[in-house]
Amino acid sequence: MAELGFTLSDAISRYVHDGASIALEGFTHLIPFAAGHEIIRQRIRDLHLIRMTPDIVYDQMIGMGCARKLTFSWGGNPGVGSLHRLRDAVEHAWPRPVEINEHSHAGMAAAFTAGASRLPFGVLRGYLGTDLPAHNPNVRRIACPFTGQSVTAVPAINPDVTILHAQRADRAGNVSITGILGAAREAAFAAKTVLVTVEELVDALPPALNAIVIPHWIVAAVVPCLGGAYPSYAHGYYERDNAFYQAWDSISRDRERFIHWMEEHVLGTADHRQFLASLQTSAPA
Amino acid sequence: MAELGFTLSDAISRYVHDGASIALEGFTHLIPFAAGHEIIRQRIRDLHLIRMTPDIVYDQMIGMGCARKLTFSWGGNPGVGSLHRLRDAVEHAWPRPVEINEHSHAGMAAAFTAGASRLPFGVLRGYLGTDLPAHNPNVRRIACPFTGQSVTAVPAINPDVTILHAQRADRAGNVSITGILGAAREAAFAAKTVLVTVEELVDALPPALNAIVIPHWIVAAVVPCLGGAYPSYAHGYYERDNAFYQAWDSISRDRERFIHWMEEHVLGTADHRQFLASLQTSAPA
Amino acid sequence: MITCTRNEWMTVTAARQLRNDSVCFVGIGLPSAACNLARLTHAPDIVLIYESGTVGTRPNVLPLSIGDGELAETATCVVSLPEVFSYYLQAGRVDIGFLGAAQIDRFGNLNSTVIGPYENPAVRLPGAGGAPEIALHAREIFVMLRANPRSFVERLDFCTSAGYLSGHGERARLGMAGGGPRRVITDFGLLEPDTESQELRLVALFDGVGVEEARAAVGWPLAVANSLRKIPPPSEPELAALRALHERTEAAHARPIHVPS
Amino acid sequence: MITCTRNEWMTVTAARQLRNDSVCFVGIGLPSAACNLARLTHAPDIVLIYESGTVGTRPNVLPLSIGDGELAETATCVVSLPEVFSYYLQAGRVDIGFLGAAQIDRFGNLNSTVIGPYENPAVRLPGAGGAPEIALHAREIFVMLRANPRSFVERLDFCTSAGYLSGHGERARLGMAGGGPRRVITDFGLLEPDTESQELRLVALFDGVGVEEARAAVGWPLAVANSLRKIPPPSEPELAALRALHERTEAAHARPIHVPS
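Residue numbers (our numbering), protein chains in the order written: chain A, 635 to 919; chain F, 635 to 919; chain Z, 510 to 770; chain C, 510 to 770.
Keep in mind that the hints were calculated from the coordinates and are not lab data. Where hints are given, some of them may not hold.
[To be verified] The calculated SDA-like cross-link candidates involving lysine to any residue, where the alpha carbons are at most 20 Å apart (straight line), are:
{"no.": "1", "chain 1": "F", "residue 1": "703", "chain 2": "Z", "residue 2": "716"}
{"no.": "2", "chain 1": "F", "residue 1": "826", "chain 2": "C", "residue 2": "530"}
{"no.": "3", "chain 1": "F", "residue 1": "703", "chain 2": "Z", "residue 2": "530"}
{"no.": "4", "chain 1": "A", "residue 1": "826", "chain 2": "Z", "residue 2": "604"}
{"no.": "5", "chain 1": "Z", "residue 1": "739", "chain 2": "Z", "residue 2": "716"}
{"no.": "6", "chain 1": "A", "residue 1": "703", "chain 2": "C", "residue 2": "632"}
{"no.": "7", "chain 1": "A", "residue 1": "826", "chain 2": "Z", "residue 2": "530"}
[Said to hold, decoys possible] Facing chain F, from chain A, some residues (calculated, C-beta under 8 Å):
{"no.": "8", "residue": "727"}
{"no.": "9", "residue": "728"}
{"no.": "10", "residue": "730"}
{"no.": "11", "residue": "778"}
{"no.": "12", "residue": "779"}
{"no.": "13", "residue": "781"}
{"no.": "14", "residue": "783"}
{"no.": "15", "residue": "812"}
{"no.": "16", "residue": "835"}
{"no.": "17", "residue": "839"}
{"no.": "18", "residue": "841"}
{"no.": "19", "residue": "842"}
{"no.": "20", "residue": "844"}
{"no.": "21", "residue": "845"}
{"no.": "22", "residue": "846"}
From the three backbone atoms N, C-alpha and C, an ideal C-beta is built for every residue, glycine too.
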């Protein structure tokens, strides 16, 4: 049964520990920025960060030294270019070296799906003819026991903690998600602990039928957090701030400017509400 | 692009041939009875029938001698008891012997999912400690290439034709399904050819977002067919006729009574509209 | 003094085994009645999952089939069958799997496949459905089955769903994830596995039923616990809730269906 | 005489390759612009799929990211990422995969992973994303990439997505399902694989561009087809549609976002 009484700060300090493997999922949509910022504020260290598309939130966490390892399949600023903090970590080990476990989207989707199903590995037709398997021992070939055909296997991903942002939850902790899903549901079902921030707590969700719900007993805690996905978006609540994503390119290009920005807007704010307010008073770029 | 100009009779004669492997899917809900009856009317033979829960429609097809083989995971009259025609075929080879390929639901779900993904086999943790693998060479154990753990493999199911009944389609042939799905979507994506009967053709479907749609280019033909799932049901259109399911027990128990009923209501009617009308004029039992 | 049928007593007994915070994977028939009775009495928050993919369903009447529309309409959500078996059951998200069967043996192994040899059966039963993997993965299994020497048998004709196999830890040694059959609720009382041998023992009897009735109904030499508990008959509220549920159900299933044409 | 940029000409050229009955798996950036231009001009029924799971999407403005809300709102349906990759792409339900890259070689193999050695890269690029399996499964691959000797290279630093590997049928011998890179659309013209060697050859040039420009922009000795086709510049309607699309897009992306607080 999901706990509903925590603040985000409480929930992060209770569930996210130094050294944990954590997945903040959401594919472009519903990226849990507020939770990522809180992890930075609490200076949690040595994390194994897992995410198909690291995006700005992981650029920030990597740049602030939270990560020892990154499992991912596409590490860019979508539609803009590089994640400069990720690049600086990989190219120059700044602020610390980060171990890379690199997949394709299809491979990582299979790994999350296997994790959600508590299978030890996922199967796909993938990676054929590419250099990725030579650099990732987690990509292997196995034979079909019926036809002898060779297919690709990847080990299941089961994060210690998966954190999602969603639109709504009810007072039992059932979480409702609308719009682009990515592998968010698989990442949640694959996790040992699931933490969800939501735009809104409602007394009762409308009848769902085939709509996307993560039932309450899969979820450890639900925390209301308005604007918790910003600068990503929450379908039906607010749009993606594409201008912020573009502005991030220059903020993050330089180490000092990045640190200064993080100190002002993340470390210098007590919570996500203050973070959002801080962007109102100073231009994001 | 789905063809929308066929009658059900046209569509069945065009796509369902003697000897084909066919899956009429739908889990209790949206069982394509009208299509099954049309297959019986056209006296199509030597079919490999595939369906998780054979239900009355397969009892009828088996009893009328359409099937050479049955792949299934639960062959009963749900909530009532036996499928007497299926039993008669298995126990007494009447009206002809039917080869059995028997799975559990989890195994067959994995096989359909593998088929939909064009993988040669599906993986599950299943069948452990049971007698099924001893009687089905399609259940094997394979080792995880990372951990050495033993898991179960089943060969993919890829029917020649999958037939579904759905609530609605638009004029492009996009098919919308609401309610209990079973493995209907997997069976459709696994098939070489997909045929769908629908309660209603509409000019445009409402915006779907995460709702269940089978896009038009996955579907070979869409045929409007009011009440096409009866005595199963179409969520939002009509309910399951539980009384009919109960009545079927005595209709089907006796070979002669069964044949007489089929002659009167299926062979003796030209189409599904007449079938439904024939039930109005004579009590189902 | 309340009079009730053995079926009612059995259903009420089964319902009492369920807790308000349980997540149950429910088979159709007697298990479905017991789980919904629990929900309508002492366990209003119990989560019921049917293999049709209806998760957290709260039907007002009992479904005839595993996939009646009522289950979908009142569910927290409806997922596909592959998903309910992989993300929920196989993933260990189910506390209690509630099964019936045609036969059970002394180690809680179940048969719902055939009577007689598989290749040439005397009676072809419906088959496995979800049972083998429910029996494999759910944290605990509860079995509900009326007892007679043809259902409680010395030797199964076919093992559809594994209980404790040959007992003495064989299940665990095979690496089976779930805990196996913890309770067998039948129409005279309750059986539970011995902690060592894992053989089912009689641990409780309906108040007024003697051990001899139990022994006569079971096709193997039934082991009996040192201290036998007595199971009180249904209370008035329990029986009223159960009978009202059945009445609503019968009325609903008798309503004529209007098919568009 | 219409004046247009090379980018515009390239985008229009790419759009022209698409048919009204194609099902396209679309990468972000130039491919996304080309596919939507096709949809807004000669191919109104084209099915566009983005890896965010938005199937049959019809955005009014170009998305900045692969998962902008616009893509979901205008889609036939939105499926999960595991599903779009397994039931659609891997299942062979995609006609054309439309990719970009940082580097391409003469056999249409693509790099979007690193410049320099993988373990110690000079430039860490974003990486694979969906590309390796798009390149593997789509019936045909179209590649869009501006040409210069650092992007059209003799030897890739890393093979992220397989084209024809070393050519001469190696791709087919490896059992790769899709047909491989059929067209490379660049900012001077069009390359297509030779039917025997599968090496990319220059087959068409923008009208007015000479072969020497093409040779200078390509980092390997470029093979040239016997008869080179001329690619006419964008027509007025094509250019008007493309520019209007970009204008709508810029206006939409510049609109301030209101975040609830």
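Exercise. Below or equal to 20 Å on CA atoms is what counts here, so check residue 739 of chain Z against residue 716 of chain Z.
Key: holds, 5 Å
Exercise. With chain F as the partner, please determine if residue 844 of chain A meets the hint condition of a C-beta pair closer than 8 Å.
Key: holds, 5 Å
Quiz prompt | Status of the residue 835 of chain A interface restraint (C-beta, 8 Å, chain F) | solution = With a closest approach of 21 Å, the residue 835 of chain A hint is violated.
Quiz item: Taking the closest Cβ pair, is residue 727 of chain A under 8 Å from chain F?
Solution: For residue 727 of chain A, the interface hint is violated, since the closest Cβ of chain F sits about 28 Å away, which is over 8 Å.
Quiz prompt | Status of the hint placing residue 779 of chain A at chain F (closest C-beta pair under 8 Å) | solution = This interface hint holds because 5 Å falls under the 8 Å limit.
Practice problem: Using 8 Å as the Cβ threshold, decide whether residue 842 of chain A counts as touching chain F. | Solution: Violated - the Cβ of residue 842 of chain A stays beyond 8 Å from chain F, reaching only about 10 Å at its closest.
Practice problem: Please verify that hint: residue 845 of chain A, Cβ, nearest Cβ of chain F, below 8 Å or not. | Solution: holds, 6 Å
Quiz prompt | Residue hint residue 839 of chain A, partner chain F, criterion CB-CB below 8 Å | solution = violated, 14 Å
Quiz item: For the hint on residue 841 of chain A, does the least C-beta distance to chain F fall short of 8 Å?
Solution: Because about 11 Å separates residue 841 of chain A from the closest Cβ in chain F, which is outside the 8 Å limit, the hint is violated.
Quiz item: Measuring from the C-beta of residue 846 of chain A to each C-beta in chain F, is the shortest one below 8 Å?
Solution: Residue 846 of chain A check passes; min Cβ-Cβ to chain F is 5 Å, inside 8 Å.
Practice problem: Take the C-alpha atoms of residue 703 of chain F and residue 716 of chain Z, compute the straight-line distance between them, and say whether it is at most 20 Å. | Solution: Between residue 703 of chain F and residue 716 of chain Z the Cα gap is close to 51 Å, so the pair fails against 20 Å, i.e. violated.
Quiz item: Would the pair residue 826 of chain A and residue 604 of chain Z pass a check requiring their Cα atoms to be no farther apart than 20 Å?
Solution: Holds, at roughly 16 Å.
Of the numbered hints stated above, those contradicted by the structure are hints 1, 3, 8, 9, 10, 16, 17, 18 and 19, listed in ascending order.
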